[in-house]
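Trainee: Protein sequence lines, in the order shown, are assigned to chains A and B. Position in the first sequence counted from 1, then plus 1184, gives you our numbering. Position in the second sequence counted from 1, then plus 85, gives you our numbering.
Don't take every hint at face value.
[Unchecked claim] Below, in silico cross-link-like pairs of lysine to aspartate or glutamate (EDC-like), each with a Cα-Cα straight-line distance of 16 Å or less:
#	chain 1	residue 1	chain 2	residue 2
1	A	LYS1468	A	ASP1527
2	A	LYS1468	A	ASP1250
3	A	LYS1365	A	ASP1250
4	B	LYS524	B	ASP444
5	A	LYS1758	B	ASP384
6	A	LYS1276	A	ASP1364
7	B	LYS524	A	ASP1327
8	A	LYS1235	A	ASP1250
9	B	LYS454	A	ASP1327
Derived by calculation from the structure, the hints in this document are not laboratory data.
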Amino acid sequence: MNPLLYPIVIPFIAGLLLYVIPRRVKGIHEAAALLVSAGTFGLTVWLFLQKPMEWTTQNSLILRLDDLSAFILLAAGLFGFLIALYSVIYMKDRNQRSMYYGSLLLTLGATCGALMSNHLILLLIFWGFLGITLYLLIQSGGDGAAPAAKKSLIIVGGSDALLLLGIVFIYSLTGTFEMDKILLSFNNGLVTWVFVLLALSAFAKAGSLPLHTWIPDMAMHTPIPATALMPAALDKLLGIYLLGRMVLNLFQMTGAMNLFLMIVGAVTIITAVMMALVQHDLRKLLAYHAVSQVGYMVLGIGTGTVIGIAGGLFHMLNNTLYKTCLFLTGGSVKYRTGSTDLDELGGLARFMPMTFLSFIFAALAISGIPPLNGFVSKWMVYQGLVELGREGDKLWVVWLLAAMFGSGLTLASFMKLTHTVFLGDSAKRAGRKIKEVGFIMWLPTVILAVLCVLFGVFAIQVPLKHFIIPAMGSDIEYIGSWSPGLATVMILIGIGIGFLIYLAGNLKGIREADSFIGGEELDSETRVTGTGFYNTIREMGMFSRIYRWAEDKWFDVYDLGNHLFSGIGGVLSKAHTGVLNLYVFWFVFGLIVLLIVLMGGSL
Amino acid sequence: MNFIPLFVIVPLGAAFLMPVVSRLWKGMSDVLGNLAALFLMVWSFAALQMGHETTVFYAGGWEPVASIPIGIAMVMDGLTVFMLIIINVIGFAVTLYSVNYMNHYTDKAKYYTLFLLMMAGLNGVVLAGDLFNLFVFLEISAIASYSLVAFGIGSEELEASFKYQILGGTASTLILMGIAFFYHMTGTLNLADASTVIQQLGTHPGIIFVSILFLVGFSLKAALIPFHAWLPDAHPSAPAPISAMLSGVVIKVLGVYALIRIFFNVFGITAMPSVLTIFIVLGSVSMVAGAFLAISQSDFKRMLAYSSISQIGYVLFALGLGTPLGILGAMFHLINHAAFKSLLFLNSGAVVYRTNTRDLDQLGGISQKMPVTGITSLLGSLSISGLPPFGGFWSKLIIIMAAVESGHFALAGVAVFTSIVTLAYYMKLQKEAFYGALKASFGKLKEAPFLMSLSVILLAIVVTGMGLLLIPEFKSVILDPAVKIISGGLNYSKLVLGG
């Protein structure tokens, strides 16, 4: 058996076995999932070092591991393992363990398969199969998850049908299903369709507008590690992988197509972050950020410049690191407090220091604070846009403003999150004794947070050099001079001086008091929470109406489609009155039409 | 003794024995019914083993004289074997299921009698080598179906059966009328013989008129829009195993098979390309409208019934493309649909058996209490929605590839769109019936009885593994012979008459 098959076949077999083992048997599921995901991670590391590799059978190149897929495969293996590790404790008392762990391993195997497929039909199979495992993972969230599971599979599985059509069109244009033999240029109207169909299925997977709406819904009901696994990590990797593959290998891009991507990217950044700002739930807020960040990747890839595309891919990698970390720390909060409602949380930093530290680094990374990794990749996307401007594009300022504004809003919403969850007063719920989560749960979050720092400080030396630049196939010219190492030193010095000043200023000692209004101490019900400040945005004249529309789901493709289809179906149903005469009339009508059509010539 | 007539003789004989033996011992009807069905299933696999050569059986030894057949002929070729497998495998699953399920009703012996008559009719239709026998067998199974739909004799069942009879009867009349004209024009009823005569006649207006009568008559049996109106009442009202049979098998045999045999093998589709266009139009309209109708239903079985219209639309659409790939897609989708739709109807029966309702608004969360039903129905739903790696994915892929290959880009888009709508209503079905919070009144719900579960598990295995039919070893045995006969068109008469 070709080694490329191992990371696909092993998780598949193990996953299917786990479905069969009854949930009463304790420990087996966890042990198997942990072992297999660790093994898969090991395999992906080994394969990364062995690349490039190929598997040819019956004269067609079925699986291929090249520079682009190799580093994404490595990332997928890492996340599979870390999340399996985290789940061991998080999921231990749940009923649906056998479904959860089985689906987790199948997801991992199918992801590896999708990343390595060179044959488009094989890609399609893994791609569609991931929709099913997503459905099952969401269903493992219990009773309340049913509507979200339905919605997710309709959007993700529906986009799979679009991918199918795109692939069939490719076959009719090129006569092959093998990706390495395909290079389409936009000289035919059909190619535009192919591009849009493929892009839509990538958007649905990655969670970009307009097909992102399953993510906030599913995040509310799915076990948090499953949210961290699929929409935050693996689905993002896959969606952007497909987009990257399209732009780098499958299509000869044109300005119009890049414009399409950039519009989608910019709109995604802004609208999703605006939605994130006003959320009252930790999971939903993170979910909207999971959408918003995709915008940067799409925007970067849409610039069509080498540095922009590299930035987009790097941002994908960075985003999965910090977003998975954020979801997992959110999970730890839920695990200890039983809630993710921001109004019920607060002051957790002093109880859960490891969780807080991981969270704060990931939050700074996602907000694009140097020297963390989020900054580097955003900076590269900005450079891509500037480069675009130098090439004569008129609209580059618009995209740049959207991206920078979005970044600012991201910071704003994470300040809210940090404050309401970890700082400030302890909320009522938090009043009871809260402990830090166990070692097994905080270890994955700390690893991810450390990676966020390392990928930022040593961006050029490690991730860009070994992962991104080989995948691009050409070297990157940096416009701005940004030396992460030097900057880190400067920043650390700055922080050090600031701390000294702080100490100097407080030498006399200050008095600490609880918050009060008019001399009265606040009880927990009237306490000031961070969320309150952000209601201002919601109440601003122009925004209030848009937010209301958004909450009534006027911007949700799924709900619009639902209304439309049910409406048409309702009209058609009404026509079926049950009156036999009418039915006989239809029959006769059909007969007459056929008579006219077929006999018309000879009468 | 030739083995071909046993496909008709065994169920017919068992049907008439049934009232007698059930007098002796009550449980005997179950045993006899299942033995007969098991025999037929094994026999159909034996037919597969016999090879793919066209075999003809002349009743009473009346061999043709100078290549002109004079007696009744039964013809078994690749297409027939393909249909026999569908009929008899689903037939066995359904009889197995009926052992428990029909305890709900009073007279099991009568049920089995009617059911076996229906089986005899269905097997007869696909084996008939002449038009008149085709019609006779068609009427046998149609009349058995009418009574089976009314088997519950509630007001709803009787009304549905009445509509079914009126519309079915109208169609049968048109078909009979068509046969009369046909005989007048060709002087023979033997399909193979008539085919050679028609080729000599050329495009005669009379032939076109006959083809319209057949087209309309058999389209009603296949429930294509606008001839579909009986189906949404009849299929849900029947007892669940019969619904499975009607949707899974009957519409395909009486409708699609007959259309294929007459238009591809007898008239010759190349001589009347406009019929292909009509297939495409009827197929696409049924496909889209059926899906929209299904999405707005809140009755479990009615949703499945409308879904059948939509899926048969896919089959006709693919047939209408006329290319070998399209025909392959059509046949593959036909057998897929037989498997997953029977499975889903049997699941609906299990739900009704335990909860006494099929209203989706009153159901919810029953997967927790009935895991076998829940999981098998999920497999069926995923397959019919065309998600990989299940069978439905592959047949839809082939159909869409065939559409693009023959230049129907927009229609390929329509087929893809419909498959998204299909996914949407099956997800609705899953959510409303099987997932979500368990209704308080279902607290003591139990899984369906053993044989019912066994039957759906068998079908679920078939549904899951159906994609394997594309592996060359299986494809060359099951799908290819059928496709060869259809795309071979007028070669049929040569194969039968041996000229």
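Trainee: All hints, please: hold or fail.
Mentor: Tested hints:
1. A:LYS1468 to A:ASP1527: The hint holds at about 14 Å.
2. A:LYS1468 to A:ASP1250: 36 Å, violated
3. A:LYS1365 to A:ASP1250: Measuring from Cα to Cα gives roughly 14 Å; hence the hint holds.
4. B:LYS524 to B:ASP444: Holds, at roughly 13 Å.
5. A:LYS1758 to B:ASP384: The hint holds at about 15 Å.
6. A:LYS1276 to A:ASP1364: With a Cα-Cα distance of about 44 Å, the restraint between LYS1276 of chain A and ASP1364 of chain A is violated, given a limit of 16 Å.
7. B:LYS524 to A:ASP1327: Roughly 11 Å separates the two Cα atoms, so the pair holds.
8. A:LYS1235 to A:ASP1250: Answer holds: LYS1235 of chain A to ASP1250 of chain A is near 6 Å, not above 16 Å.
9. B:LYS454 to A:ASP1327: 13 Å, holds
In this structure, the earlier hints numbered 2 and 6 are contradicted, and the remaining ones agree with it.
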